[in-house]
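Enquirer: One-letter residues, chain by chain:
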Amino acid sequence: MKPGSAQEATMKNWITWFVTVLLVVMATSSGRSQGPGPAGAGGQGAAGGRGRQAGPGYLKLFDSNMPFNPRDLAGIWTPNSNGFGGGGRCRDCGDRGYSMEFPDFTPAGQRAFDQNIPSYGRAKDSDDAKAHPEEHIGRRRAQPPALGNDGYGQCNPMGMPRAVLYPDPVEFIVLPDRIYTHFEWGYGLRTVWMDGRKLPKADEIDFPRWWGYATGHWEGNTLVVESTGYDERTWVDYFGYPHSDEMVLEERYTRVNYDTLELKMTLTDPKYYRKPWMGETKRMHLLPKDFIKQSGWASLLEDLCAPANENEFNRQIRDPAGTGKPAQGR
Amino acid sequence: MENRPSAVVRIAGIVALAVMPALLVAHHGTNISYDRSKQWTAKAVVTEFKYVNPHAQLYFDVTDDPAHKGHYSGELLPNPAQLLRNGWTRKKSTAALFSGVKITVTIAPSRAGGDTVLVLKIVDEKGEELLGGGPNAGGPEGPARGATP
Chain Z
1 MKPGSAQEAT
11 MKNWITWFVT
21 VLLVVMATSS
31 GRSQGPGPAG
41 AGGQGAAGGR
51 GRQAGPGYLK
61 LFDSNMPFNP
71 RDLAGIWTPN
81 SNGFGGGGRC
91 RDCGDRGYSM
101 EFPDFTPAGQ
111 RAFDQNIPSY
121 GRAKDSDDAK
131 AHPEEHIGRR
141 RAQPPALGND
151 GYGQCNPMGM
161 PRAVLYPDPV
171 EFIVLPDRIY
181 THFEWGYGLR
191 TVWMDGRKLP
201 KADEIDFPRW
211 WGYATGHWEG
221 NTLVVESTGY
231 DERTWVDYFG
241 YPHSDEMVLE
251 ERYTRVNYDT
261 LELKMTLTDP
271 KYYRKPWMGE
281 TKRMHLLPKD
291 FIKQSGWASL
301 LEDLCAPANE
311 NEFNRQIRDP
321 AGTGKPAQGR
Chain P
1 MENRPSAVVR
11 IAGIVALAVM
21 PALLVAHHGT
31 NISYDRSKQW
41 TAKAVVTEFK
51 YVNPHAQLYF
61 DVTDDPAHKG
71 HYSGELLPNP
81 AQLLRNGWTR
91 KKSTAALFSG
101 VKITVTIAPS
111 RAGGDTVLVL
121 KIVDEKGEEL
131 LGGGPNAGGP
141 EGPARGATP
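These protein sequence lines are chains Z and P, in that order. Quick note on the numbering used here: the first sequence kicks off at 1 and runs consecutively. Quick note on the numbering used here: the second sequence kicks off at 1 and runs consecutively.
What the hints contain is simulated information worked out from the structure, not anything from laboratory work. These figures come from a predicted structure and were not determined experimentally. Just so you know, not all the hints are guaranteed correct.
Stated by the list, open to error - With a straight-line Cα cutoff of 27 Å, these simulated BS3-like cross-link-like pairs (lysine-lysine) come out:
1) Z:Lys293 x Z:Lys264
2) Z:Lys289 x P:Lys92
3) P:Lys91 x Z:Lys293
4) Z:Lys271 x Z:Lys198
5) Z:Lys289 x P:Lys69
Using the sequences and the accompanying hints, generate a full structural model.
Expert: Take a look at the structure:
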C-alpha cells in the first residue's frame, strides 16, 4: 500500500469508523452504568479523604472540603449516583456484591453456596458469564427470579451486610446510646447499641435475628460495628453468598470528608469460610435532608417490600416471565 | 475491489461488533428473564396500569399487528421510586396510562415464552415518551432483586 493512496485512505476511514463506533458505544455504556444524573450532577471519583470532583457519575451536592465532625454520622447517606431510586451505583461505591475477593469455603459453606440461586449477576451458562472467568462463579450464575430462591423475593428481611449493599439511601439516626440505620430499600431498621454492652458470642445466642445483634464503639474517628446472631436465611449479598449462624461481621465506618462515608467490612464465619473474608470498600455520599421528596414531603421513601404487592407481582409477572406459563387466575 | 478494507481492518471490525453487545448489556438482574435481542415495537391499547412496588406494571392489547396480536402483561424496570425521581408521580403516570389510551410500546419478550414482557419504551399518540428515563433509568442493573430492584 502506497502512502497517500486511495487504498490507504479507505483503510484509515474504516479504522476511524470502527474506533468512533467503539468510543460511542463505550461512552453510552459507561453513561448508562452510572445512570442519568440531574443537571449539575457529576464527579470523577476521588476516593479517600480528598474532596470529590465534578463529573459524570455523581451527584455533587456539597463541598466535600467543608469542615465536619468525623464522629457525626447523622444524616442520609447514599451510594446511589442519582441519590435514590435504585439501580444507580456511583463510580466509587462498589456494586451489590460483598467482595470481589474469591471466598474460601469450607465444605459446608460450599454446599450452602450451591443451594442459593440468585438472580443478580451474569446469567448462568451464558456467553457473558463464560467471558468473565476472572470473576467468582457467584457473580456468574444468575437465574430468572422465578427459578431462584432469593428470600427477599418473598419480602424476607435482608439483614446485613446485604442491606447496606443496595444502591439506595441509608439514614443514620443517632441517639445517645444507640445508632439506628434505616435503609430506604426494604424500609429496614437496624439497631447498633453504643451503650457499652458486650456482643454475645454466637453460641450464646438462643434465637437468631434477621437483623442480628450489633454493638458499636469508636476507634479514633472510625465507628466499629460488630455483629452476630443473624438468621441463616439471609444472604451476605445479592449474589447469594451464604453465612452461618456463627457469622461475625465487622463494619468500620469512617467519614473521610464532609460528604463521604467509607465502609470496610470483614466477615468471619469459620463454619462456612476457612478464613476471614474482606469486603470490597464501599462508599456512600451525604444527601441533604430534603433531597428526597414525595408530595413535598421530605423523608426516606417508604420503599418497603409489602407481601400484598410482592405476591401479586410474583403471580402476575415474575413467575410467568420465568416459566412461560400463564399467570394463575389471569 | 481495490478499495476493500484489508483483512486486518475487517478482523478489527468483527472484533468491534462482537464486543459491542457486552459493552451494551454490562451487568443485569431482572433482565435475565427477558430477551432484549428479540424486542419488538407495536401499537397497543392500555387495559390497566399499576403504579406499585416492586415494579410498575402495564397490561395492554396489541390488535393491529398480526405478528404480535394478543394481550400482554408488562413489567417496567423502574420502580415507583425511580419514576418519582424522574418526575413521573403516581397521579401523572396513571393519568397518562388510563385504560383505553393508545400507545406504541417497545418490549422484550420473556425468554421462557408466553405473554409476559419487559416494557422498554412507551410512546403516546403525540409521539412523547411516557414514564421517561428509559429502560435503564437509574442504572444498568435493571432493578432485579430476585426480581426486584
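Enquirer: Can you name, in rising order, the numbers of the hints this structure does not satisfy?
Expert: Violated: hints 1 and 5.
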